[in-house]
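Asker: If you want the building blocks of each chain, they are given just below.
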Amino acid sequence: MNAIRIVFNQVFRKNIKSVSWWSIVLSPLIMGAIMFGIVYYMNGAVKTAQVGVVAEAPIQQGLARQSSAATKYRTYPSQAAAEKALKDETLDGILVVNAKTPYTARYLGRQDGQSVSAKTLTTALSGLNTAAIAQELHLTGPQLTKLLTAPKVTTREVTFSQSGRMQTKSGAGSDTRNAVATILSILFYGFLLSYGTMTAQEIATEKGSRIEEMILAAISARSQFFGKILGIMALMVVQVALYGAAIGGTYLFARNNATVRGVLQSIDLSMLDGTFIAAALGFFIVGILSYTVLSALLGSLVATQEQAGQATMPVLMLSLIGYLASIMAVNGSTPLMNVLSYIPFLGPMIMPSRLAIGQVSGGEAFLSLGVSTAFLIVFAWLSAKMYETNVLAYSDSNIWHALRQSWDIARSERRASHD
Amino acid sequence: MLALNGLTKTFGAQTAVKELSFNVAPGEIMGLIGQNGAGKTTTFRMILNFLHPDQGAVLWDGRPMAAQDRAFIGYLPEERGLYPKMRVADQIVFFAELHGLKRADALSRLDEWLDRFQVKGKPSDKVKDLSKGNQQKVQLIATLIHMPKLLILDEPFSGLDPVNAGLLEDGIRLLKANGSAIIFSSHDMSNVEEISDHLVMLRNGETVLNGRVSEIRQQFGRTRLYLEDPPLSRDELAGFAGVEKVEMQGSRYKLTLSDPAAGKALFSAVTARGYVTEFSQQPPTLDEIFRMKAGVVQ
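Chains as they are written, first to last, in our numbering: chain A, 28 to 446; chain B, 381 to 678.
Derived by calculation from the structure, the hints in this document are not laboratory data.
You may find that some hints are simply not true.
[To be verified] When the alpha-carbon atoms are kept at most 20 Å apart in a straight line, the in silico EDC-like pairs for lysine to aspartate or glutamate are as follows: (1) B:K673 with B:E595; (2) A:K44 with B:E492; (3) A:K44 with B:D509; (4) B:K398 with A:D435; (5) A:K44 with B:D470; (6) A:K99 with A:D139; (7) B:K502 with B:D491; (8) B:K502 with B:E492; (9) B:K508 with A:E333.
[As the list claims (entries may be wrong)] Only some residues are given here: those of chain B computed to face chain A with a beta carbon under 10 Å: (10) G392; (11) E477; (12) Q519; (13) T523.
Virtual Cβ for every residue (Gly too), placed ideally from N, Cα, C.
All chains should be modelled from the sequences, with the hints used to inform the complete structure.
Answerer: What follows is the structure in structure tokens.
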């Protein structure tokens with residue numbers, strides 16, 4: 028236990044002081060901050076468009092009432108007066124409205140002024156236009172309201188329990204769900220790539236430089252293997268905690284900002300219930316651990332540090348399959364997707380997305396999590412066993428040749444222990 | 381005490397080590413020699429418990445090595461390497477902790493060891509910023525700082541200049557004086573001859589030499605005769621009974637004798653004609669013995 032602690036401390040301290048780990052942690056934050064800054068600047072940089080309205084008084088008043096932060100409607104008695112204001116750059120454009128129903132209008136926008144879309148103007152005029160036509164047709168207010176009321180369609184997703192009972196799902200709209208599914212896939216893929224590569228590199232460096240043998244002269248391969256995996260997991264926990272702190276800090280700092288409030292109000296978080304959070308967290312831990320163990324196993328097969336790329340390739344390929352499948356999950360459930368969801372390495376990437384979009388039930392998700400967890404326990408035990416002989420196998424050609432060599436050593440060891 | 385009792389290790393059809401036995405007592409240095417592929421690394425790996433013998437046992441103080449905490453071992457592998465981005469102190473302390481030393485104890489010993497090996501660099505320097513020679517010294521310190529009771533050095537002298545080789549020899553002698561049992565392999569027989577008490581030579585996994593260095597040399601008889609400025613010509617020397625070969629080595633002759641007894645006749649003949657600067661009859665050097673033994677299979 029003491030040996031595991033020493034290896035854990037060494038892995039954790041060495042990486043937490045390294046530029047490469049901080050670049051893994053900070054690059055998404057910096058990217059996020061830059062994107063947030065750009066959006067914030069663009070929102071702040073856009074001035075209110077000034078539109079001069081040349082029309083009959085009711086239309087002018089109607090439009091003036093619709094002035095907003097984006098567009099301000101000003102009334103002008105004549106086109107000449109409006110054109111003068113346009114020339115003086117008091118206005119960004121002039122809207123000349125012909126009051127004959129249905130309304131027709133002409134907009135003259137200054138080339139270097141704030142742009143106003145035709146859609147904005149059409150929307151602003153359409154209500155006034157409808158009201159004018161209704162008046163001509165002598166429609167009452169309630170009649171007009173009735174005429175304008177659109178048919179209402181309510182959507183609800185349903186699932187069927189084991190007994191065949193239909194259950195209506197409540198909660199978030201599909202946009203939020205799809206967004207959560209996509210974010211989960213990207214987060215998972217990003218973490219496993221970073222930590223898988225780090226693990227393989229770490230072990231490849233130790234083995235390639237023969238530090239490994241110095242370590243194993245003092246402690247067991249198993250202690251070193253688990254100490255390293257735990258150290259890397261701790262780094263990941265710190266990264267997640269830092270992101271949590273960054274998000275919390277940003278929220279506290281910007282919670283009163285109108286844009287941020289608007290964005291937060293538009294997100295329906297009702298889908299993030301206990302089942303979903305527990306399953307997503309479980310898949311995240313089990314999935315990343317599985318890939319880390321696989322990376323450690325493959326890293327222990329290299330002979331030189333230059334071969335580290337060979338070790339990470341299978342991890343990249345396998346995780347890419349999982350990533351693409353998780354992204355495609357939003358397009359609908361297929362038999363292939365059902366099978367892939369229960370395969371270790373792939374299930375932890377696919378299932379959270381499918382659960383997020385309501386394609387599978389919590390029970391199915393936990394069954395898949397159970398399969399992956401059971402696999403992880405057996406896989407970690409086997410990997411630690413293989414690691415003992417992998418670190419003694421050196422092949423300059425490729426890691427598959429090293430695997431064969433390792434297998435020969437393991438066979439010889441099994442025979443020796445039976446004698 | 382380390383005891384290897386009849387170790388045999390095979391990989392498939394290949395026998396890497398066959399019935400190898402030797403002991404290394406505390407305060408004793410043993411040289412393990414042999415060509416590449418002779419079985420030295422496999423022997424080290426069995427002592428270190430990386431591999432398990434098909435037959436035989438590795439014992440430390442009478443108990444199987446496999447059943448022991450291995451913190452008392454120090455091992456320097458043949459190919460050198462460290463964590464390039466770690467600081468010298470962190471690196472050495474990490475290995476010291478792995479071998480059971482407390483962090484504070486390791487730090488308190490650090491300066492003394494850096495001085496002993498004359499490392500040019502500070503404890504706070506990153507390893508990659510040191511010269512290759514100094515990196516090797518740091519690795520040696522990481523192997524020795526916990527004063528291992530059993531020290532295994534695989535080709536420790538390779539790549540070291542004569543000054544650093546001397547520092548390493550001093551380090552090895554320090555541990556010997558401290559009662560460590562030491563095994564090292566080397567291709568340089570002068571190092572082996574100089575510091576080993578005992579040596580084992582392997583050839584294709586089989587033990588071809590095993591004993592104290594002086595005894596092994598004596599086994600081959602005093603068949604080498606060195607003469608400086610002899611009053612006899614090369615042809616006259618070659619014509620003596622029992623002289624196999626005459627070679628010039630700088631200003632002196634080296635005679636290879638088929639029978640050590642021929643030395644007496646040569647001594648009489650040489651001294652009868654007056655003064656001779658050097659007349660030295662010796663057993664073959666370890667280097668010659670190594671070549672002879674390795675040559676059997678060539």
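Asker: Taking the hints in turn, state whether each one holds.
Answerer: Evaluation of the provided hints:
no. : hint               : result
1   : B:K673 with B:E595 : 16 Å, holds
2   : A:K44 with B:E492  : 27 Å, violated
3   : A:K44 with B:D509  : 17 Å, holds
4   : B:K398 with A:D435 : 19 Å, holds
5   : A:K44 with B:D470  : 12 Å, holds
6   : A:K99 with A:D139  : 17 Å, holds
7   : B:K502 with B:D491 : 9 Å, holds
8   : B:K502 with B:E492 : 12 Å, holds
9   : B:K508 with A:E333 : 17 Å, holds
10  : G392               : 6 Å, holds
11  : E477               : 5 Å, holds
12  : Q519               : 8 Å, holds
13  : T523               : 7 Å, holds
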